[in-house]
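**Q** The lines below spell out each chain.
Protein chains: 2
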Amino acid sequence: MAEPIVRFGILGCADIARKLSRAITLAPNATLYAVASRSNEKATAFASANGFPPGSKIYGSYEALLDDPDVDAVYVPLPTSLHVHWAVLVAQKKKHLLLEKPVALNAAEFDKIIEACESNGVQLMDGTMWVHHPRTAKMAEFLSDECRFGRLQKVHTMFTFASDPDFLKNDIRVKPDLDALGSLGDAGWYCIRSILFTANFELPKTVIALRDPQLNEAGVILSCGASLYWEDGKVATFHCSFLGNLTMDITAIGTKGSLHVHDFVIPYQEKEASFFSVSEAGFNDLVTGWTKEPSKHIVTTELPQEALMVREFSRLVCDIKFKSLKPEKKWPTMSRKTQLIVDAVKTSIDKGFEPVHINEHASVSVLSGLDYLKKNLLGKST
Amino acid sequence: MAEPIVRFGILGCADIARKLSRAITLAPNATLYAVASRSNEKATAFASANGFPPGSKIYGSYEALLDDPDVDAVYVPLPTSLHVHWAVLVAQKKKHLLLEKPVALNAAEFDKIIEACESNGVQLMDGTMWVHHPRTAKMAEFLSDECRFGRLQKVHTMFTFASDPDFLKNDIRVKPDLDALGSLGDAGWYCIRSILFTANFELPKTVIALRDPQLNEAGVILSCGASLYWEDGKVATFHCSFLGNLTMDITAIGTKGSLHVHDFVIPYQEKEASFFSVSEAGFNDLVTGWTKEPSKHIVTTELPQEALMVREFSRLVCDIKFKSLKPEKKWPTMSRKTQLIVDAVKTSIDKGFEPVHINEHASVSVLSGLDYLKKNLLGKST
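Heads up: the sequence lines are chains P and Z, in that order.
To convert, note that position 245 of the first sequence is 245 in the UniProt record's numbering; the numbers rise steadily by one, no gaps.
To convert, note that position 167 of the second sequence is 167 in the UniProt record's numbering; the numbers rise steadily by one, no gaps.
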């Protein structure tokens with residue numbers, strides 16, 4: 001039996017949608033099916049430039065795409081301020097939702113999206129690609145190894161890139177009405193996600209923004225950072241910026257091992273990626289050298305990470321569509337935790353770099369709220 | 001003409017003195033001449049185990065070594081709390097001073113040492129070895145290159161090592177009466193020095209300790225960190241610890257380039273060391289890979305960095321002794337700036353993680369005070 005195919009619709013012709021179109025083409029269980037833009041002409045040009053198969057649908061409005069009964073899933077690369085409106089509508093139209101990061105302007109907005117997806121039984125996943133690379137699984141293996149890594153003590157992550165004057169003037173990521181979270185919602189999202197990844201998605205108790213974030217004239221964050229604190233003494237720091245040369249690091253230090261990766265968001269090369277690790281490193285007797293050096297681990301992949309993301313998302317969609325399985329909650333849970341920390345950093349900046357306590361209870365109570373909603377809706381549907 | 005030789009005396013038989021004894025032996029312009037310990041037996045064993053030439057002097061007290069007119073320079077690896085007493089005495093005995101780090105318990109103490117060295121016309125240098133490695137000069141070249149690195153935006157440094165239970169119980173670095181600064185004075189010293197190095201020794205305006213430093217029962221710091229802020233928006237963070245697997249990183253991000261080094265304090269190997277740099281890195285058109293990867297730069301050295309330190313110190317000593325040159329002020333100036341930041345981090349911790357402003361003026365006024373003293377002493381000696 002041929003693998004079931006998920007038919008994707010894309011809302012808008014954002015630059016990132018070109019990369020995703022290729023990924024959908026590469027994923028064995030997905031196909032490009034429709035694209036919508038307020039300009040029919042733009043959508044037609046996008047489809048022809050990005051390998052849409054003959055017969056693909058071109059829509060002159062987002063609503064029209066959502067009304068197409070043959071669209072299984074929708075990829076939403078719209079500016080963040082439009083997420084809640086369109087994402088909720090996608091879910092209400094019973095389409096599965098692949099949503100660009102940051103998922104929303106804040107967790108409260110994202111909760112509306114989660115609620116809509118849960119109540120409509122559709123899969124929700126955010127567009128964080130690197131977590132789908134097989135390298136990430138290999139790193140997780142190392143980080144969770146009591147013998148090789150031990151307990152996490154400290155993690156530092158950075159994602160910076162030097163944007164050009166055109167970006168700093170015109171990109172949606174520097175516009176308060178489009179991507180109000182600026183660098184924090186864009187580059188910072190990855191830093192925070194990678195910190196949560198190394199901490200096995202345990203939320204910190206406290207978040208404090210570093211001082212002197214750089215803002216543009218409209219008050220949008222161009223660079224910032226924060227420190228995060230856990231109950232057990234773990235500490236994390238990160239720095240994200242539109243103003244520094246391209247850098248994307250995770251450095252995780254455990255009681256017994258350490259890990260370095262320098263291209264975690266987008267690997268240098270598509271087909272292979274590496275990380276460095278060492279366990280129980282020490283000095284020689286005279287302290288003039290190390291007893292061992294970190295080892296380089298190379299992980300190859302046939303498909304690029306964005307295609308692996310589409311494949312995983314489509315697999316879950318097929319499970320729901322053909323096997324009547326429930327949507328996988330781990331993906332929106334990770335998104336929500338990431339968004340919670342984004343919110344906390346933003347709040348700390350807005351409050352003059354005060355510590356912000358991550359309300360485990362609120363987080364839990366929201367999750368319980370969802371469980372409650374689900375039960376209620378389940379009640380309604382039975 | 002044979003190179004003039006500096007005769008070293010060593011105060012005490014600390015573990016680190018073994019490494020320094022070898023370095024003195026390797027340096028072409030230095031020789032091991034005397035060692036002192038409160039136990040004559042211990043000093044004799046140390047001298048015989050560490051390559052002291054025949055005829056070397058063994059002293060049963062530090063004072064006796066300082067009274068030996070043939071000792072040119074003294075290496076002081078004593079616990080930090082003893083530095084000010086013995087370092088001042090070394091200077092008063094007109095011996096040049098190679099002083100282990102941290103140089104003192106605080107900058108006010110260190111100022112007494114500087115004052116004693118200045119007024120006695122002796123060279124003062126601290127025992128930070130990595131700055132003498134030729135790799136450091138190569139990194140400085142890159143960091144100061146407007147085209148390849150641009151302006152520094154962010155630097156993160158870490159030095160952690162996982163100490164064993166014996167260290168955590170017995171090492172002088174966890175004893176409040178010996179090395180009260182704990183991990184901050186030991187591993188943190190290197191982090192701070194490397195931050196100042198990347199910032200071209202411009203002092204930050206503000207220092208804030210990260211929360212949740214780990215202390216032992218006696219209140220000595222086992223792990224901590226801080227964020228540092230400059231007038232122009234530069235930000236630095238560091239983390240130092242006795243509790244994490246061996247890691248020693250500098251990551252410096254400029255507007256045009258970035259630099260990584262993973263063994264900055266003690267290179268993996270003695271004869272060669274490397275760092276990684278990349279300039280104007282970007283993404284390919286579809287943002288599926290980098291336009292260029294960081295390059296590895298290997299720097300070889302005939303002499304290990306600690307021998308290069310001894311050689312540089314001895315060169316300055318010979319310049320003073322045989323050419324009547326003045327002591328080189330750049331070394332104590334770097335030490336003092338490092339100590340000022342150590343003090344600021346400690347103060348921030350003690351004050352509940354409040355921001356501490358680095359008083360440029362106080363720093364300047366202290367330097368002016370020294371100039372004043374020097375002029376006065378010059379007045380006296382003419």
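Derived from the structure by calculation, the hints contain no laboratory data.
Small disclaimer: the values here were computed from a predicted structure and weren't measured.
Accuracy of the hints is not assured; some may be wrong.
One copy or any two copies: either way a pair holds, since identical chains are not told apart in the list.
Distance condition first, Cα-Cα at most 25 Å in a straight line; then the derived PhoX-like pairs of lysine-lysine [to be verified]: (1) K271 x K292; (2) K321 x K42; (3) K175 x K321; (4) K112 x K271; (5) K256 x K169; (6) K271 x K296; (7) K175 x K93; (8) K94 x K112; (9) K101 x K271; (10) K351 x K205; (11) K205 x K101; (12) K94 x K330; (13) K169 x K296; (14) K351 x K323.
**Q** Each of the hints needs a verdict: does it hold here or not?
**A** Quick rundown of the hints versus the structure:
Proximity of K271 to K292 under the C-alpha cut-off of 25 Å is restricted to the inter-copy arrangement: shortest distance 15 Å between copies versus 28 Å within a copy. Proximity of K321 and K42 under a CA criterion of 25 Å is satisfied in neither setting, with 32 Å inside one chain copy and 79 Å between copies. In the homo-oligomer, the alpha carbons of K175 and K321 never lie at most 25 Å apart, since the shortest distance is 38 Å inside one protomer and 65 Å across protomers. Taking the closest pair of Cα atoms, K112 and K271 never come within 25 Å of each other, the shortest separation being 37 Å inside a single copy and 60 Å across copies.
In this assembly of identical chains, the alpha carbons of K256 and K169 lie at most 25 Å apart only when taken from different copies (19 Å versus 46 Å within one copy). In this assembly of identical chains, the alpha carbons of K271 and K296 lie at most 25 Å apart whether taken from the same copy (16 Å) or from different copies (21 Å). Taking CA atoms no more than 25 Å apart as the test, K175 paired with K93 passes in neither setting, with 29 Å inside one copy and 67 Å between copies. Within a single copy, K94 and K112 get their C-alpha atoms as close as 15 Å, which meets the 25 Å cut-off; across copies the closest is 76 Å, which misses it.
Taking identical chains as interchangeable, the C-alpha atoms of K101 and K271 lie at most 25 Å apart only when both belong to the same chain, with a minimum of 24 Å there against 46 Å between chains. In this assembly of identical chains, the alpha carbons of K351 and K205 lie at most 25 Å apart whether taken from the same copy (17 Å) or from different copies (21 Å). In this assembly of identical chains, the alpha carbons of K205 and K101 lie at most 25 Å apart only when taken from the same copy (23 Å versus 35 Å across copies). Taking the shortest alpha-carbon separations for K94 and K330, only the intra-copy value of 20 Å comes in at or below 25 Å, while the best inter-copy value is 70 Å.
Taking CA atoms no more than 25 Å apart as the test, K169 paired with K296 passes in neither setting, with 40 Å inside one copy and 35 Å between copies. In this assembly of identical chains, the alpha carbons of K351 and K323 never lie at most 25 Å apart, being 48 Å within a copy and 60 Å across copies at closest.
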